[in-house]
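J.: Let's have the full structure, built from the sequences with the hints guiding it.
Number of protein chains: 2
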Amino acid sequence: MSETESEKNARHNARMAKIKVARDRMMETKTGEKGLIIVHTGPGKGKSSSGFGMIMRCVGHGMPCAVVQFIKGNWESGERNVLKTRFADLCTVHTMGEGFTWETQDRARDVAAAMAAWEKAKELIRDPAIHMVLLDEINIALRYDYIPLDDVIAFLRDEKPPMTHVVLTGRNAKPELIEIADLVSEVQAVKHPFKQGIKAQKGVEY
Amino acid sequence: MSETESEKNARHNARMAKIKVARDRMMETKTGEKGLIIVHTGPGKGKSSSGFGMIMRCVGHGMPCAVVQFIKGNWESGERNVLKTRFADLCTVHTMGEGFTWETQDRARDVAAAMAAWEKAKELIRDPAIHMVLLDEINIALRYDYIPLDDVIAFLRDEKPPMTHVVLTGRNAKPELIEIADLVSEVQAVKHPFKQGIKAQKGVEY
Chain A
1 MSETESEKNA
11 RHNARMAKIK
21 VARDRMMETK
31 TGEKGLIIVH
41 TGPGKGKSSS
51 GFGMIMRCVG
61 HGMPCAVVQF
71 IKGNWESGER
81 NVLKTRFADL
91 CTVHTMGEGF
101 TWETQDRARD
111 VAAAMAAWEK
121 AKELIRDPAI
131 HMVLLDEINI
141 ALRYDYIPLD
151 DVIAFLRDEK
161 PPMTHVVLTG
171 RNAKPELIEI
181 ADLVSEVQAV
191 KHPFKQGIKA
201 QKGVEY
Chain B
1 MSETESEKNA
11 RHNARMAKIK
21 VARDRMMETK
31 TGEKGLIIVH
41 TGPGKGKSSS
51 GFGMIMRCVG
61 HGMPCAVVQF
71 IKGNWESGER
81 NVLKTRFADL
91 CTVHTMGEGF
101 TWETQDRARD
111 VAAAMAAWEK
121 AKELIRDPAI
131 HMVLLDEINI
141 ALRYDYIPLD
151 DVIAFLRDEK
161 PPMTHVVLTG
171 RNAKPELIEI
181 ADLVSEVQAV
191 KHPFKQGIKA
201 QKGVEY
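Note that the protein sequences, when read in sequence, are chains A and B.
By full-length UniProt numbering, the letter at position 12 of the first sequence is numbered 12, and the numbering carries on one by one without gaps.
By full-length UniProt numbering, the letter at position 121 of the second sequence is numbered 121, and the numbering carries on one by one without gaps.
Keep in mind that the hints are not guaranteed to be accurate.
As the list makes no split between identical chains, a pair holds if one copy fits it or if it spans any two.
Said to hold, decoys possible - Within a straight-line C-alpha distance of at most 25 Å, the following computed BS3-like cross-link-like pairs (lysine-lysine) qualify:
id: 1; residue 1: K202; residue 2: K84
id: 2; residue 1: K34; residue 2: K202
id: 3; residue 1: K191; residue 2: K34
id: 4; residue 1: K8; residue 2: K160
id: 5; residue 1: K72; residue 2: K202
id: 6; residue 1: K72; residue 2: K8
id: 7; residue 1: K20; residue 2: K84
id: 8; residue 1: K199; residue 2: K34
id: 9; residue 1: K30; residue 2: K120
id: 10; residue 1: K84; residue 2: K195
id: 11; residue 1: K8; residue 2: K34
id: 12; residue 1: K34; residue 2: K160
id: 13; residue 1: K191; residue 2: K120
id: 14; residue 1: K174; residue 2: K122
id: 15; residue 1: K122; residue 2: K30
id: 16; residue 1: K20; residue 2: K8
id: 17; residue 1: K34; residue 2: K18
id: 18; residue 1: K8; residue 2: K84
I should point out that these hints are in silico values taken from the structure, not numbers from a laboratory.
All values reported here derive from a predicted model rather than from experimental measurement.
T.: Okay, structure coming up:
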């Protein structure tokens, strides 16, 4: 005889009650608070947008925050529009990049721009009023040795205020960064619309 | 003799010029526009925040959009605060969940809530004025069979307006959904702060 809807419900409800007990016991052990080093890396889409989603959460709680863009330049993007017009009371945005490395074709200029971005990043992270700093695409700058990895690691480990969250995005995160991070997500690309010949679209890619 | 800084720059710049030619040729073939079915799945953190980051992009371009929350209830969250206070002119939010399945412990109530959320989702997707609809945690509702998978797949495939983007989040996305999607990212958890005994924190998890 097959299970009735009411038997199915009763079985489900009993199982969920057990899960709740186990989960509450597990969550009781999670009492610490800490400013996290958060890394979103991997080849898939959603790393920067996830960082912007966290900035949105901070703004929603009234927590001052800041964004430094290491690669992207001053062209129009949805996220920058929101930061500049709707979040400006709580979040500053510093767009220090001048475009992708294959656009500028000028390593000396890229290095100077990335170093200026990193100096700004340190200033913002040191500011005790700021709860979260998003370093968008910093992993690209680290990968091309535009900024010194040792300096970034030492600063995050030794000088970051204990309660400040720092979010670092971009593919190919350095192993040394993953080592000192508290939360690391790697985004895999299962399907990408470029494969279908679809171009970058407003609201999705920028 | 080791390479001078100026030789290094010259070599880098020549390589980037080549990449630029290849990239431009590739991008020329990407001319299509399409309302995408976008799935953020996997066990790692950043799936919902990535969806909210896309909503932020749409709002930044003045594109009307909507959010349906399938699991999360009406408790305070940073993203809901922003949607309700800063994005209300362009984005509606419909929080239809009543908590996680192990909190409600009531399958019949969970099913009713999820079905109501799906009805609202269809109404929003059908609305020609709306450019993007985020179905937050719908994969959880599908996984527990709270809403019929066949109906969701058929609707997205046959009734979604061609230019509307639909973003579906939550772990354990069904293979049938991945099959019809245009963009699928799977987030892996490399490191999670719970392992260090750190609790869910404002601005990071909610």
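J.: None of the hints should be skipped; say for each whether it holds.
T.: How the hints compare with the structure:
1. Taking the shortest Cα distances, K202 and K84 sit within 25 Å of each other both inside one copy (17 Å) and across copies (23 Å).
2. In the homo-oligomer, the alpha carbons of K34 and K202 lie at most 25 Å apart only across protomers (11 Å), although the nearest pairing inside one protomer, at 36 Å, exceeds that limit.
3. In the homo-oligomer, the alpha carbons of K191 and K34 lie at most 25 Å apart only across protomers (15 Å), although the nearest pairing inside one protomer, at 35 Å, exceeds that limit.
4. For a Cα distance limit of 25 Å, the shortest separation of K8 from K160 qualifies neither inside one copy, at 52 Å, nor across copies, at 33 Å.
5. In this assembly of identical chains, the alpha carbons of K72 and K202 lie at most 25 Å apart only when taken from the same copy (15 Å versus 28 Å across copies).
6. Taking CA atoms no more than 25 Å apart as the test, K72 paired with K8 passes between copies only; the shortest distance there is 23 Å, against 52 Å inside one copy.
7. In this assembly of identical chains, K20 and K84 lie within 25 Å of each other by CA distance neither inside one copy nor across copies; the values are 42 Å within and 30 Å between.
8. Taking the shortest alpha-carbon separations for K199 and K34, only the inter-copy value of 9 Å comes in at or below 25 Å, while the best intra-copy value is 40 Å.
9. Neither within a single protomer nor between protomers do K30 and K120 lie at most 25 Å apart by alpha-carbon distance, with minima of 34 Å and 36 Å respectively.
10. Taking the shortest alpha-carbon separations for K84 and K195, neither the intra-copy value of 33 Å nor the inter-copy value of 36 Å comes in at or below 25 Å.
11. In this homomeric assembly, K8 and K34 never come within 25 Å of each other (Cα to Cα): the closest approach is 42 Å inside a single copy and 41 Å across copies.
12. In this assembly of identical chains, the alpha carbons of K34 and K160 lie at most 25 Å apart only when taken from the same copy (11 Å versus 43 Å across copies).
13. For a Cα distance limit of 25 Å, the shortest separation of K191 from K120 qualifies neither inside one copy, at 36 Å, nor across copies, at 27 Å.
14. In this homomeric assembly, K174 and K122 come within 25 Å of each other (Cα to Cα) only inside a single copy, at 19 Å, whereas the closest approach across copies is 43 Å.
15. Taking the closest pair of Cα atoms, K122 and K30 never come within 25 Å of each other, the shortest separation being 30 Å inside a single copy and 38 Å across copies.
16. Taking the closest pair of Cα atoms, K20 and K8 come within 25 Å of each other only inside a single copy of the chain (18 Å); across copies the shortest separation is 59 Å, beyond that limit.
17. Taking identical chains as interchangeable, the C-alpha atoms of K34 and K18 are never at most 25 Å apart, the minima being 30 Å within one chain and 45 Å between chains.
18. Within a single copy, K8 and K84 get their C-alpha atoms no closer than 51 Å, and across copies no closer than 37 Å, so neither meets the 25 Å cut-off.
Hint compliance for this structure: hints 4, 7, 9, 10, 11, 13, 15, 17 and 18 are not met, and every other hint is.
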